[in-house]
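K.L.:
Sequence:
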Amino acid sequence: MFTGIVEELGEIKEVESAGDSARLTIHGPLVTSDAVHGASIAVNGVCLTVVDVDDQGFTADVIKETLDRSGLGALAPGARVNLERPVRVSDRLGGHIVQGHVDGTGTVLSREPGERWDVVTVSLPSGLARYVANKGSITVDGVSLTVVEAGPDRFSVALIPTTLALTTLGLRGVGDVVNLEVDVVAKYVERMLTVQNSEDAS
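Those letters in the sequence shown? Residues 1 to 202, by my numbering.
A hint or two may mislead.
Stated by the list, open to error - DSS-like, lysine-lysine: derived pairs with alpha carbons at most 25 Å apart:
1. 64 - 13
2. 64 - 187
3. 187 - 135
If you're looking for bench data, these hints aren't it; they were derived computationally from the structure.
The whole structure should be built from the sequences, with the hints applied where relevant.
P.N.:
Right, here's the structure in full:
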């Protein structure tokens, strides 16, 4: 489990394609300082398993399902990525509960610069819109954010200076694809209500 608080801005060093999968080599000395083979690290909000690790970074395999459902398949050497280690049970939950299971992708539709922050609007797949609410939480490229305004096919977020400086969201432009993970609590509530309504109707 993660919190959506990015620890390090990493860099893709190598992408090795293997047909229906890929192996990424990622520079990230902070997140690998205590990592071991088999550890989990979130890369742009996608939970990946460490295959090899050294003091400068790690490699991870990405399967077809992940390549299809996220923006990881479009990464190339030199691309910057948001990195986060899993939260410890004793840690503060600074963002919100993030699983590292991307639900889909969105596209940056607009950026409105302010004096100290940017308001960014991102497209929202129709199947995810019901999980996104004004002032609710959403994860964009692994970053826990508060929704400013939620619509049927888009949502907006306000990016503070820290987020702009320390994550890839400061680099994203109109047309860029971002990974989205909606709040898991909303999905569980929907599931429970669906089951309850089904039982009541039977």
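K.L.:
Evaluate each hint against the coordinates.
P.N.:
A quick look at each hint next to the structure:
1. Using a Cα cut-off of 25 Å, the hinted pair residue 64 and residue 13 holds, with the two alpha carbons roughly 20 Å apart.
2. Using a Cα cut-off of 25 Å, the hinted pair residue 64 and residue 187 holds, with the two alpha carbons roughly 24 Å apart.
3. For the hint linking residue 187 to residue 135, the alpha-carbon distance of about 17 Å falls within 25 Å, and the restraint holds.
Going down the numbered hints, you'll see the structure goes against none, and every one checks out.
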